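Asker: Please model the complete structure; the sequences and the hints are all you need to start from.
Spelled out from the first residue to the last, the chains are:
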Amino acid sequence: MHDHALRGTLSSIAAEAVPETTDLWPDIRRRLADGVQPTRPSLPRRRVVLVTAAALFLMVGWTLGGGWLPGQSGSAQAAELARHDPTVAAALHGDIADVTVANVVDQVATVVVRDGTGHQVTVTVDLVHQIVTRVDTGPVLAAGLQAQALSVVRTDPRSAELLARGATIGHITPISVQAEKLDAATGKSTMVAETWAQVFIALGGAEWVAYVDLNGGKIDQLVDPQGNQVPLP
Amino acid sequence: MESERIAIARLKAGDIGGLAALVELFQVQAIRTAYLISRDRSLAEDITQAAFIRAYQRIDQFDADASFGPWFLRSVANDAIKAVERGRRTSSLDIEDHAARNEIPDPAAGPAAILEQAEDAAAVWEMLGRLPAEQRSVIVLRYFSGLTDAEIAQRLDVPGATVRWRLFAARKRMRSWLPARAD
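Quick note, the sequences are listed as chains A and S, same order. Residues 2 to 234, numbered by this note's numbering, are exactly what the first sequence covers, in order. Residues 695 to 877, numbered by this note's numbering, are exactly what the second sequence covers, in order.
FYI, nobody ran anything at the bench for these hints, they're computed from the structure. Note that the structure is a prediction, hence the values are computed from the model and not measured. The hints are all genuine.
Pair by pair, the computed Cβ-Cβ distance ranges are: (1) S:Asp759 - A:Ala98: 40 to 48 Å; (2) S:Arg699 - A:Gln108: 28 to 36 Å; (3) S:Ala758 - A:Arg84: 29 to 37 Å; (4) S:Arg858 - A:Ser12: 18 to 26 Å.
We put the beta carbon where it would ideally sit given N, CA and C, even for glycine.
Answerer: Okay, here's the thing in structure tokens:
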């Protein structure tokens, strides 16, 4: 038998049995949501180096890196736990419309759950014990900080461009960020908690999310509807 | 491939979107390879799904500078071989059943008829089914995936001499079913 004939025949057999349109992702995603997790969970961290006036290097790591949306270690579990928690259901005014895992830090997840009427709660999930430990209703970001977040969003060129195209600013919610401060001189680090603002920006039925570093006075990340970070121009 | 590297980086960072991208890139090739070896579409999908989940679980061990495709497809091919080995008894019965129905090429037929039969997908399918899984896998990797001996050896994690022997044995068997044709 000629090699090319065999090659062609095998390709035909395979193509007939397994068409190009085959998509395993829904099944894989479901299996992951059922609890399959990395054997060596590593919290995704992104590091930013800050230099203070005192020449102290601050190395900040948090879990808002590339994988801040569903899919971070434990995020699928967190989303499911938040979605099915009776306290969350009771705090909302209608059926759940959207569940977003904002971050996962040291096996503690922050999940934003919204209902169809626009109300939302911020849910804290303990992934070690697989329980919801806290449900915060309504915006808890102080008015002054909200104004600060709005100011940042209006001046950042990425979000300003969206606003110029007719985008509207929706919910503004607080988000806890775990930061690791590293003293370059001593090599010692300490973990500190910071509160940032999460600003939802809607345009044409799609939604962007800006993560505003309130201390730094800047948008740390602007994430597009596909979950990709929007780079600075 | 840049998209592959980006997907790996995303996955290593904990972004499951990276896995989705890898699935999109490699799922069809992986399922087809597993299918040709296992001869079972459903099993091939299971094998591929499990391989992707295993890759997700072990992504920390993966060298980001390496190519994901060969690493992943090696896992799929080996899993398919193992799956066939586990079900060998059933496969043998199937083969005997097909042979009993004379669905394989008839060695007594003339050369033209044999080639016509052999190049028919159903006949090739039947002949593949008669090969042991290890020989079938090298035929699939050589003629479907287009790999060299060395690449097959690396893919299956066996010595090159073993690959060459399996190819030789597989071709010999297939030739025995096509007596009038040489490779």
